[in-house]
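Here are the chains, one letter per residue:
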Amino acid sequence: MARMTETPPAARPPSQPDRRSLLRTMLLIRRFEEKAAEMYAKGKIHGFLHLYIGQEAVATGAVAAARPDDYIVSHYREHGHALARGLDPGAVMAELFGRSGGVSGGRGGAMHLFDASKSFMGGYAIVAGHMPLACGLGLAEQYKGTQRIALNFIGDGAVNEGEFHESLNLAAVWKLPVLFICENNFYGMGTDVRRVSAVIEVYKRAEAYGIHAEQVDGMDVEAMYEATHRLAERVRRGEGPVFLEAICYRFRGHSMSDPEFYRHKDEVQRWRVLDPIEQLRARMFDAGELDDARFAELQHEADAIAGEAVRFADASPPPEISTLHDFVYKERSDA
Amino acid sequence: MALKTYIEAIRDALIEEMDRAPNMLVLGEDIQEGGVFRATDGMLERFGPQRVLDTPLAESSIVGVSIGMATNGCLPVAELQFADFAYPAFNQLISEAARWRYRSYNGWGCPMVVRIPYGAGIRGAMYHSQSIEAMLAHVPGLKVVMPSTPYDAKGMLKAAIRDPDPVIYLEHKRAYRMLKEELPDGDYTVPIGPARLRREGDDITVISYGLMAHECLQAAEELAAEGIDATVLDLRTLAPLDRDAIVAAARRTGKALIVHEDNLTGGFGGEIAAIIAEHAFDDLDAPVRRLATPDVPAMPFNGALEDFLLPSREKIADAMRDLAAY
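Order-wise, the sequence lines are chains A and B. Each residue of the first sequence is one higher than the one before, starting from 54 at the first, in this note's numbering. Each residue of the second sequence is one higher than the one before, starting from 27 at the first, in this note's numbering.
Please keep in mind that the hints were generated in silico from the structure rather than gathered at the bench. One or more of the hints may lead you astray.
Unchecked claim - Straight-line alpha carbon distances no greater than 25 Å define the calculated BS3-like cross-link-like pairs of lysine-lysine that follow:
1) B:Lys-184 x B:Lys-206
2) A:Lys-228 x A:Lys-257
3) B:Lys-184 x A:Lys-383
4) B:Lys-206 x A:Lys-197
Said to hold, decoys possible - Computed Cβ-Cβ distance ranges for the label pairs, DEER-style:
5) B:Ala-312 x A:Val-249: 55 to 61 Å
6) B:Leu-223 x A:Lys-383: 24 to 30 Å
7) A:Phe-348 x B:Gln-76: 50 to 56 Å
8) B:Glu-59 x A:Gly-198: 22 to 28 Å
9) A:Asp-71 x B:Asp-45: 25 to 31 Å
10) B:Phe-116 x A:Val-249: 21 to 27 Å
11) B:Asp-80 x A:Ile-179: 22 to 28 Å
Quick reminder that beta carbons are idealized off the backbone N, C-alpha and C, glycines included.
With the hints as constraints, model all of the structure from the sequences given.
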């Protein structure tokens with residue numbers, strides 16, 4: 054039904070990933086978040102800050118394998134998805150700082166990034182509450198008859214919420230163009246998934262709704278890319294939603310104030326060996342695609358971008374108080 | 027002109043807007059069959075299953091999917107069967123729809139309408155009788171309308187569909203076939219926001235909305251025969267609220283009675299009373315009165331109990347006499 058104006062579709066990414074580009078993105082996310090943690094310690098960032106460190110491969114591989122105009126609808130640990138989608142790092146950092154130069158003018162903060170121009174539909178902190186929205190974005194594309202899909206990132210904490218089940222059912226029964234990606238890092242905040250879920254293999258829950266579901270090594274960025282690329286095309290063909298469970302691990306606490314009593318340091322150490330950046334670096338070294346000098350150069354580049362993001366954020370003024378009532382509705386009312 | 031019931035006015039608005047806007051869709055439980063109150067009767071045949079969507083029985087995702095569609099170039103009009111069933115969707119309405127434009131710094135809007143039948147008086151008991159407007163009008167970012175006549179029902183639904191922001195459209199189920207009116211043929215809208223003076227009088231002021239505004243007007247006509255001349259203000263929209271009209275109406279007589287079917291404590295009448303106290307205090311000749319349903323947690327099924335609870339034309343008239351005599 055081509056009754057609505059539609060921008061021409063974006064190009065499909067190649068089936069083979071550009072390893073250097075993946076590495077560059079993961080290094081940027083890592084360095085950006087390390088900087089964010091520093092800024093939190095310095096009091097430049099307030100409130101809650103949830104770092105993605107350890108899980109970079111999931112957002113990096115998945116977003117790179119999607120079309121640039123595919124919607125990203127993410128959870129609250131979403132800095133990585135935003136940077137992978139190409140949101141301006143300075144504007145993202147400024148949002149973390151709560152400044153007017155932030156992607157949402159300082160209104161959103163760390164958990165609520167948003168950039169319409171990049172089809173980045175935000176981070177959401179009501180767990181699973183964003184899943185029906187992703188279905189709606191997909192339904193509109195289906196109605197318009199496009200090939201555009203929605204990537205809906207959730208965490209393992211979402212799977213016992215009602216909206217998880219409503220959304221999977223709805224997406225399945227209407228064959229909506231949504232690729233659900235569950236980042237299973239085994240802990241909903243400090244609660245081990247085994248303590249609160251009757252079925253711990255999340256993909257099996259999706260299968261219960263007749264949805265094609267797979268598990269993937271979420272610490273391996275190339276595996277993420279391959280799975281997303283293949284499954285996104287399946288969704289794009291109109292065969293209905295797909296569910297991808299990415300097994301991954303966050304190296305830092307749930308938030309900046311997490312003493313991490315719920316997991317053993319040995320466990321964290323075992324997962325750190327699987328660091329997604331280190332895995333890709335080693336693979337590229339072995340293949341002769343990278344050497345120490347070039348890797349140091351990429352690290353330096355990420356460091357420079359993150360540093361520049363901090364400088365931009367710090368220089369950005371706070372929002373004007375007079376803007377408080379802007380955009381409550383389209384027409385301003387000072388009520 | 028044609029004689030139309032309240033529900034026919036709603037149906038006409040939906041059909042005319044669907045004809046006008048190819049990106050508009052209606053969705054809800056059982057609506058291909060016409061819906062629980064038959065508001066969408068005949069729409070499946072006319073517009074097809076791509077634009078008249080039967081949803082799973084899952085209110086949160088009905089609203090959530092509407093938000094996503096609204097963001098993405100569509101004009102969804104969702105139907106929730108009963109106000110009592112809206113609570114599962116409150117997360118989407120409050121946490122997402124209301125904040126959509128604000129949190130994105132105008133990056134996205136949410137031009138969505140959620141139609142919700144509300145109200146008691148049909149022996150619906152505890153899960154089919156509630157009024158929920160106070161909870162929704164409390165939420166900045168949502169617009170809340172409660173038309174009291176077939177004319178407004180049609181015109182305000184059209185305005186809601188054309189509005190760039192999320193509109194909660196509350197329709198009293200007892201009004202559906204009880205209220206009839208000659209309506210002009212073809213297109214017209216009634217703006218969201220302005221209240222309407224239904225009657226002008228100098229003795230007392232009655233402020234209401236939704237079906238109760240109709241009841242208040244009837245009571246006022248009765249009292250006119252007794253020599254009590256009332257101003258009746260029909261708010262029509264609770265958010266954004268026409269505060270100036272409230273203040274002006276209260277000032278005119280110095281005696282204000284607020285009537286709603288929702289229960290008293292924390293009800294919308296408290297907000298209206300506060301506005302009057304803040305802005306018309308010097309003009310008041312009597313304490314502001316409220317007539318509402320008593321604070322009980324569920325509408326009793328028993329008819330005598332339900333009748334005792336609800337503000338009726340007689341109770342409104344009594345409250346008006348009492349205030350006039352103050």
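_If you test the structure against every hint from before, which numbers come out violated?_
Of the numbered hints given earlier, those the structure breaks are 4, 9, listed in rising order.
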